[in-house]
Amino acid sequence: MSRYIIRRLLVFIPMLFLLTIIIFALAKAAPGDPLTGKQLDPTVSKEVYEIQREELGLNDSLPKQYWNWLSSLASGDLGNSMYYNGRSVESLISSRLLNTVYLGVFAYLITLAISIPLGIYSAKRPYSILDYTATTFSFIGLAIPNFFFGLIGIYIFSIHLGWLPSQSTMSDPLLTGIPALLDRLHHMILPSFTLALAGTATYMRYVRSEALDILGSEYIRMAKAKGMKERTILYKHTLRNALIPIITLSGYEFGILLGGAVITEQVFNYPGLGMLFIESIMNRDYPVIMSINLLLGATILFGNLLSDILYSVADPRIRYD
Amino acid sequence: MHTDLNILQIDHLKTYFHLNENKIAKAVDGVSLSIKQGETLALVGESGSGKSMTALSILKLINPPGKIVEGAIYLNGENLVSKTDKEMESIRGNEIAMVFQEPMTALNPVFTIGNQLVEMIRRHKKVSKKQAKERAIELLKIVGIPRPDEIMHEYPYQLSGGMRQRVMIAIAISCEPQLLIADEPTTALDVTIQGQILDLLMEMKKKFDMSILLITHDLGVVAKYADEVAVMYGGQVVEKSSTKQLMNSPKHPYTVGLMSSLPSIKNPKKRLATIEGTIPPAYDFPSGCRFSTRCPKVMDRCINESPNLYPLKDHHDIRCFLYEKGVDNDDE
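Heads up: the sequence lines are chains A and B, in that order. The numbers in the first sequence follow the numbering used here, run straight up by one, and end at 321. The numbers in the second sequence follow the numbering used here, run straight up by one, and end at 653.
Any given hint could turn out to be false.
Said to hold, decoys possible - If you want the ones that stay clear, here's a sample from chain A, every Cβ over 10 Å from chain B, calculated:
1) I5
2) T20
3) A74
4) I281
Stated by the list, open to error - Partner residues are not named here, just some residues of chain B that face chain A (Cβ under 10 Å, in silico):
5) K388
6) E410
7) E440
8) M489
9) F642
To be clear, the hints were calculated from the coordinates, so they are not data collected in a lab. Built from N, CA and C at the ideal position, the CB exists for glycine as well.
Just chain B, same shape as in the assembly:
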């Protein structure tokens, strides 16, 4: 495991939004993550936890007043934070590609599918227009689109949601990136299509030997598709481990809360558990542990002190004072 190369490594990334002189939204606040070659890392959390901002920070697509204020993002050992805009332009799409949540709004409504695929291929690869077109048709075939020659001339509004997301994936893989960021790629889709799209993503991962950063709030998806998981809350990673470990023995009170809010086949009549309250806004985090306002196990010190990410065995990290000494409660 340790010998595997990290395709992407994020160290203490902080992305802040300077809303006004006294108001700073700490959307991403000290996030560290790594993804190995061919691995799928799931980033889980509620809306507002900073998952998408982490993803956009990797591509350096944070709009002002947002800014990466600290930390480093290494892609194959090269720090993206210190790259110029020009350098980033040729990395985006080429080495790191992104699949967006809502294909209807992410595809430009006034250009044909073919145009949007070809422009991407021609931007990063030195090929003729004809070659790019052939490649585009091939890509549409790969992602399972019927009649690719005709679809090339159609507009996004003429396709179904599932088809549009397949087109998005075709665009994303068109330059064979090393890392694919999928930001809730199935949220906007029918449940019946969701599985197909995720299966397709995994198939593409294998075919092109990519790594995937999968952003989701669906723990079912995580269990089925991810190798590693990082749970985010309030701009921080609160728990990080292998999927198996997290599913079998979640540790952080927040993760435990998320897991118990899932419906269970064994006990279908039981009312689902909820986590009281909502995530605090990023400009108004509590001074201690960010989960302290909603935590069922809150202690006095949680109010004023911020916990670090404490390592347990097997690369299981938890941001909670309960695990400060590395105790694994499983044995109790």
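In isolation and in its complexed conformation, chain A is listed as follows:
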């Protein structure tokens, strides 16, 4: 097992390397450079821009630029933001990352807490009213873009009912301790439900179809013949087997949550990584864009490794040597 993990981690290195090439190429393929747009300022002369270009290394050949970026990456230097007065990318990202992680974890917990019981129950009583209702909602959940769902949420719960805040992570940054935690959670409810929507719908469909298959299997009949209680049959014998495809999904969930956060954070003005990402794109802040891209890619790679490892935990038939 540990050998397997080490081998997988080693495979990461060429993959990350490939990722850097793609990210760099994409950044270069975008029209313009960090100084495009600022040139319109008539008070600054062309020569100044040229000097800045030279300083930033933008006049070097592409391989040289890539090499410079890669070697500073390798030494742990993500570069400096071109927009936030040269603040280091690292400090920018770390100031936002936790907010996004909280949001993602919260949304994931919501996804599991809703989709697993609903999926199992739908499989237990297929074609019942609850099954049809759950199915309908899951299709709606899949069909509605989550920013739209977020806007509806704001309209109903923030504007009409006034129960939930629609903006930011805290109402008072001076709060500490339990009240601060509660305030944060309160602010997280709307964005996390919005972020969880699509995942919940997908998971529910998976759990339902998987559990439906399993409930018709011989070992469930055997469990019944043993006199096991319905709860045990559903939440032990069925769920444990249904978890296997759920784990596959979870590997991608990392990426989906982070990607979804880009839009959701924008809707709720939630200062996370996603919002930083959008801001950086708007401001042509290349070092930040490229670093966040790299982070997203690495997270997805890591998520897949994690799901491969979890496989063998859930299903003893899968063993890595």
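Start from chain A and add chain B according to the hints.
Frame of chain A; chain B shown alone:
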């Protein structure tokens, strides 16, 4: 014989599947059986004859749209048909246990052998986890599994087919049930293992004083292991008697056909006889005798009239108009 208590008695059991408004599959249609204490009753028939459905009806494990629509199933005089789901849960495994055909699919692939044994013991007996584990190891020893302590921690896929079936038997006997239903317990196994598993079942029957309902389509198995036989065709019992009697003088044309399709040591070169055609589907039985479409001795009345189960001497019952008046053709 008559003084012996019937552990299980099934009266006119009907299990129907309502496939749609006009289509009803009569999987079990008026089956009556009884099993005495310590006895082995074999239920014989082709695929689709209703043997397994009869067995699952006893445990009330028929999945919708199937349903027991009529009849009674008495276990020690108590009617299971009128029991609630909760009551059935504590009967299943505890008083009636079942050994399934395919141990690979019947054991849950993601739990250890020990887990699957212990959960059963803990479900029905008030014992501590430690006691249940000790009992599980003991049971594995009883069914002839080497290294029981290690096997406890292994998963079904790590065992051979014969071993898995031994584990199934260990699970089935773990709560010392009165009745064990074995649904083709050796079909999925190697021929060399089949005998071992059946011998083990019989040994367990003796040790725990159980009765066995043995479902099979192997007449060789019936001859060797069963005390009584019921032959099923089209959801009905067509012939019922002691094994000896049935083997020596089968009466129903269907049973006769089954017997003559067995290879014989005396005449090995003879081509084996077959019964023409296949069993009709349970939603489309002929209106008369269900075997009439394939019967070599079919008469005009067989097409429209259904025969009852006619008793001959010595509890030999036959569902065929040829025996309506109780005539035993042996004397002819």
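Consistency of the hints with the structure:
no., hint, result
1, I5, "holds, 22 Å"
2, T20, "holds, 40 Å"
3, A74, "holds, 43 Å"
4, I281, "holds, 45 Å"
5, K388, "violated, 16 Å"
6, E410, "holds, 5 Å"
7, E440, "holds, 7 Å"
8, M489, "holds, 8 Å"
9, F642, "violated, 38 Å"
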